[in-house]
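K.L.:
If you read the sequences in order, they're chains A and B. The first sequence runs 1 to 73 under our numbering. The second sequence runs 1001 to 1466 under our numbering.
Honestly, the hints are just simulated from the structure, not real lab data. It should be emphasised that the depicted structure is a prediction, and the values quoted were computed from it without experimental measurement. All residues carry an ideal CB built from backbone N, CA and C; glycine is no exception. Just so you know, not all the hints are guaranteed correct.
[Stated by the list, open to error] Quick look at which bits of chain A chain B covers, simulated, 3 or more residues with Cβ under 8 Å: (1) 8-21; (2) 35-47; (3) 61-73.
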Amino acid sequence: MATVTNWIDHLSAAEVQGAIYPGVGTEGILVIVALVIWIGWHVLTNNSESKELEQLARKRHSANDHKSNITEW
Amino acid sequence: MTDQLGALTTIFTEFYYWITVVLMFLIHVGFCMYEVGASRYKHHQHTLMKNTMLIPLVTVTWFFFGWWIYWAFPTGPGLAPSIMNGSAALITDDSLFSAKWYVPTSDLMAVNLGDHISGVFWAAFLLFSWTAASIVSGAVIERITTFAFGICAIAIGSVFWSIDAAWGWHFDGWMLKLLGYHDAYASGVIHAIAGGFALGILIVLGPRIGKFSSSGEPRNIGPRNPWLVTIGLFLIYTGFWGFYAACNIPIFDLGPEYGMEGVTYFTATNIYVTPTTLGGITMNFLMSLSGGLLAGYVIAKGDPFWTYSSGLAGIICASAGNDLYHPIQAMIIAMIGVVIAYKLHYWVERTFKIDDAVGAVAVHGYAGVAGLIICGFVLNGYPSSGYSVGSMWVGTDYAPINPLGMFIGAVIMFGVLGLIPGWIIAKILHGMGKLRIPREVEIAGLDYNLLEAARNDEKAVSSSTR
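In isolation and in its complexed conformation, chain A is listed as follows (with noise of 0.2 Å):
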């Protein structure tokens, strides 16, 4: 996994070989599972949304109960 083990080796050679974090050449998996977790969360949140508007909708409170609920710690 790792690009570089020896800073000197790599440091003179030649050509310095610029990218240097690990598993150089597997861009795209990384690709590939952020945007599975980009999507993913999307999905969930969406979802979990929509649970909590619905269930909140259904109890009808009026505007100023809220107040009730103001804490005082």
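Chain A is already provided as a structure; the job is to place chain B on it using the hints.
P.N.:
Relative to the frame of chain A, chain B by itself:
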């Protein structure tokens, strides 16, 4: 980097942009505080999280495709050939400034010893993206769903502003060549487009419950916490210093860049690689802030909310030409912009029943548009680029700055890339039933469950004996 002067220039430039990113972070802190201060108690926490979550949403998409768009789209595509490769197609070839290097799988989109600049430049532009999305966020508080806002934030932050930056901010942009477009500190490319986008959403989203009386008269809602609004706006002012600096290139030798044989001329430049000075733009920044505050204080009769916002609107209005204006010109232009923005805000509110909760459309959109149009007159005849300047509509050459080109540019920024996409996306989200929170939730407050849970915790803790 093997010679000392080259290394010093590169690392100075890298550090310069890095500092601008840190400073610009304060813009977002300011917007968060401002929005929370402007929203009502029962919506505070959701309002805060909505604006906070645009950070990861826009950042990740900026990595995926936003940055690529900026480098690919300067030609339109199809509107004007690139000065780099002579083609009007998307710039995806092997040239130095091609989008090819900025796909998410590129090894330049990471720690790379061969490229010290792309990462900080990517970040500086990303912070502009957050600003664009955050401008929209304030206008729609207390009734948009977090999901819908996330989609809108990605659209304005990683797609539409990136297209407009490619068109009107890139040194190879078609709007410079065909229109003589000039927008040094983003009156249009950030502010007008974000204001227009917000207006497009607001048309579909509708006003907050209670904003208008049954006879259609607008009512004032808040701000609930004027002190948080004040600190928020001061932080936005502070972050704007970073914004201005990030729109410059700190050190550049224009002699070889413009092909002038034997000439060496080191200077700071604006985003178009034409010369300016950090000192001059600092004077203009402060004088336009002052003009905005002076005009806002008078027209809003000392109202703090509008006076602070007017300081911002003043800077925004003068920003298009603040690389070249005289400081007194900047001040007067700022004053004009503030009057226009304030008057238009209330006219649009009354006439079209638009509920812009924080005045974002006015401060950013109307002031930005006014700034572009004024810039066309005041800087009429200046070159829009240093590379080659010809007459208007001549393709590869660059048209000089002119009133008609700047007016068309303003329409493109506010209308074509702002209002219309915002309206279409909002319509789609509305059609899916995802745009607006249920009426009952808006009345109860988005934070109702959070407040109730906190109250129950408090009761449990206070009744505990061990």
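K.L.:
Which earlier hints turn out false for this structure, listed by number in ascending order?
P.N.:
Violated: none.
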